[in-house]
Amino acid sequence: MKVNVATWIDKHACVYADKPALKSDRGDRSYRDLAERTCRLARGLREAGVEAGDRVATLLFNVTEQIEVVI
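Per this note's numbering, the very first residue in the sequence shown carries number 51; after that it's consecutive.
Watch out, some of these pointers could steer you wrong.
Okay, derived cross-link-like pairs now, DSS-like style, lysine-lysine, Cα gap no bigger than 30 angstroms in a straight line [as the list claims (entries may be wrong)]:
| id | residue 1 | residue 2 |
| --- | --- | --- |
| 1 | K73 | K52 |
| 2 | K69 | K52 |
| 3 | K73 | K61 |
Everything labelled a hint here was simulated from the structure, so no lab data went into it.
Given the structure is predicted, the values throughout are model-derived calculations rather than measurements.
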């Protein structure tokens, strides 16, 4: 069975909304926050014209935002 990471995050956002999904020295990020931020990013990319199969490059350091981009 294949697991879609976005679906996994959404499911955990419903069940464990306020529990930490990501921890860093800049503070924790809850599952709800992670799900909301990844949805906003996806919406923004679609509005910018990015379609399924397109390639998007990122340049990020070792930060929690990198997880949002990968999802």
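### Task
Assess, step by step, whether the Cα of K73 is no farther than 30 angstroms from the Cα of K61, and give holds or violated.
Status holds; Cα separation ~19 angstroms.
Between K69 and K52, is the straight-line Cα distance small enough, at 30 angstroms or below? 25 angstroms, holds
* **Distance restraint between K73 and K52, which requires alpha-carbon spacing of 30 angstroms or less** => Between K73 and K52 the Cα gap is close to 26 angstroms, so the pair holds against 30 angstroms.
Of the numbered hints stated above, none is contradicted by the structure.
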